[in-house]
Amino acid sequence: MARFDRRQIMMGAAATALSTALPAQAADAKGQLYALFDTFFDADLSDSPEQATNLGLDTGAHADARSKLGDRSIAGWRKDRAEPAARVKRLKTIDRKALSGDDAVNYDTALFQYETRAAAGAFDYGAISQPYVVTQLYGAYSSVPSFLDTKHTIASAADADTYLARLAAFATVLDQESERVAADAGKGVIPADFMLDKAIAQLTKFRAQPVEQNVLVASLARRTKAFGDYDAKAAGLLTSTVHPALERQIETLKAARSKATHEAGIGRLKDGDAFYAALLKIYTTTDKTPDEVHRLGLEEGAEISARMDEILKKRGLTQGSVGQRVASLNTLPGETYPNTDEGRAQMLAYCNRLIAELQPRLPTWFGVTPKTPVEVRRVPAYTEAGAAGGYYERPALDGSRPGAFY
1261 MARFDRRQIM MGAAATALST ALPAQAADAK GQLYALFDTF FDADLSDSPE
1311 QATNLGLDTG AHADARSKLG DRSIAGWRKD RAEPAARVKR LKTIDRKALS
1361 GDDAVNYDTA LFQYETRAAA GAFDYGAISQ PYVVTQLYGA YSSVPSFLDT
1411 KHTIASAADA DTYLARLAAF ATVLDQESER VAADAGKGVI PADFMLDKAI
1461 AQLTKFRAQP VEQNVLVASL ARRTKAFGDY DAKAAGLLTS TVHPALERQI
1511 ETLKAARSKA THEAGIGRLK DGDAFYAALL KIYTTTDKTP DEVHRLGLEE
1561 GAEISARMDE ILKKRGLTQG SVGQRVASLN TLPGETYPNT DEGRAQMLAY
1611 CNRLIAELQP RLPTWFGVTP KTPVEVRRVP AYTEAGAAGG YYERPALDGS
1661 RPGAFY
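Numbered per the working numbering, the sequence shown spans residues 1261 to 1666.
Calculated directly from the structure, the hints in this document are not laboratory data. Note that the Cβ used here is the ideal one computed from N, Cα and C, for glycine as well. Please note: incorrect hints may appear among the correct ones.
Lysine-lysine pairs mimicking DSS-like chemistry, simulated, CA-CA at most 25 Å apart [unchecked claim]: (1) Lys1465 - Lys1493; (2) Lys1541 - Lys1458; (3) Lys1514 - Lys1458; (4) Lys1339 - Lys1349; (5) Lys1339 - Lys1352; (6) Lys1573 - Lys1411; (7) Lys1519 - Lys1530; (8) Lys1339 - Lys1493; (9) Lys1465 - Lys1519.
Have a look at the derived ranges for each label pair, beta carbon to beta carbon [said to hold, decoys possible]: (10) Gly1488 - Ala1346: 24 to 34 Å; (11) Pro1470 - Lys1514: 18 to 28 Å; (12) Arg1528 - Ala1562: 27 to 37 Å; (13) Lys1411 - Pro1620: 47 to 57 Å; (14) Ile1615 - Val1586: 34 to 44 Å; (15) Asp1324 - Ser1500: 20 to 30 Å; (16) Lys1352 - Glu1552: 20 to 30 Å; (17) Asp1368 - Gly1650: 28 to 38 Å; (18) Lys1530 - Arg1356: 28 to 38 Å; (19) Pro1662 - Lys1530: 34 to 44 Å; (20) Ser1500 - Lys1411: 17 to 27 Å; (21) Tyr1597 - Ala1566: 21 to 31 Å.
Let's have the full structure, built from the sequences with the hints guiding it.
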């Protein structure tokens, strides 16, 4: 389940105490609302150890999160499916009419989030916000190695020990997802053939890496030189537990691939049209129908193409479609970086230099600017063949880690 970040929802909430001149009913409603937000937030940190670490909150009461990964089992998924509807019921016990200003906005925001996720959770396959458990774009096989490498900080031997605990848990979550993939396949819920081909290729590449070069071992070795023989311990876990789980997942996906078709749309699935509409509401936060959003996309695409056509013509590129002319730019000197590690490093340096140059100008155009910096980073090599064209990871709440765009 995508977790509810209480601090984001409460952003901008009035800081006045409940003992001010608010009517008693409003004070009660406000107090109930934020107490409930606290309850939801604490539950989310307990249920999602990765989220606790991502936010820099895997300390104190949630310190045990540092040695755990979230439950991705069928039972855990069923719990995630039921949770949004349960939270809607609890929110509706609060008198909405007694709230005003930021408090009312926070209530409405939370209610909308849980209502839309409850609607998506009504379908008995996928992962609430997506129709499949594992594809070329997502799955524990890609998210956990990146998480351990970039989010799990190591400043002591104890931190290295919790890393090893999470590495061992990685095999468990792989098997949990494999079980769900097989269960969904039994219901006819199978990703398109090309999606599975790329996922299998990425898993196979990750499994085939020499142990000492695998990011799960290399990352720990790089950061624990002063703490002992942790790279050997990680290598042992990788070969004894993680590799077999990766192999089992590869076989599970291959079994699903034998029944896959080339059709990518989820309209072919049970209640697929309704599931699509539910997901659309999550991602657009509107009541637009799929057809309306499709028309909007076509209109926006036509407008963008027309503007690109003007720019290309000014550069003397007049022959062929807009797409063909844009593709031709890749053949012009000075328009692309070399398709090498060095070329990628040059491109990343260029993008981060642009961010640094733009940062001082943001207040001219925006009333509120981010306090935490953002970096552009390379997609991990073991997932770049099938990863999305670009994606963002938010920073830690305590500012210890910047946001990152891959």
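Evaluation of the provided hints:
no., hint, result
1, Lys1465 - Lys1493, "22 Å, holds"
2, Lys1541 - Lys1458, "28 Å, violated"
3, Lys1514 - Lys1458, "11 Å, holds"
4, Lys1339 - Lys1349, "16 Å, holds"
5, Lys1339 - Lys1352, "20 Å, holds"
6, Lys1573 - Lys1411, "46 Å, violated"
7, Lys1519 - Lys1530, "16 Å, holds"
8, Lys1339 - Lys1493, "34 Å, violated"
9, Lys1465 - Lys1519, "23 Å, holds"
10, Gly1488 - Ala1346: 24 to 34 Å, "45 Å, violated"
11, Pro1470 - Lys1514: 18 to 28 Å, "23 Å, holds"
12, Arg1528 - Ala1562: 27 to 37 Å, "28 Å, holds"
13, Lys1411 - Pro1620: 47 to 57 Å, "29 Å, violated"
14, Ile1615 - Val1586: 34 to 44 Å, "24 Å, violated"
15, Asp1324 - Ser1500: 20 to 30 Å, "24 Å, holds"
16, Lys1352 - Glu1552: 20 to 30 Å, "29 Å, holds"
17, Asp1368 - Gly1650: 28 to 38 Å, "30 Å, holds"
18, Lys1530 - Arg1356: 28 to 38 Å, "35 Å, holds"
19, Pro1662 - Lys1530: 34 to 44 Å, "42 Å, holds"
20, Ser1500 - Lys1411: 17 to 27 Å, "24 Å, holds"
21, Tyr1597 - Ala1566: 21 to 31 Å, "29 Å, holds"
The structure fails hints 2, 6, 8, 10, 13 and 14 (numbered hints given earlier, in ascending order).
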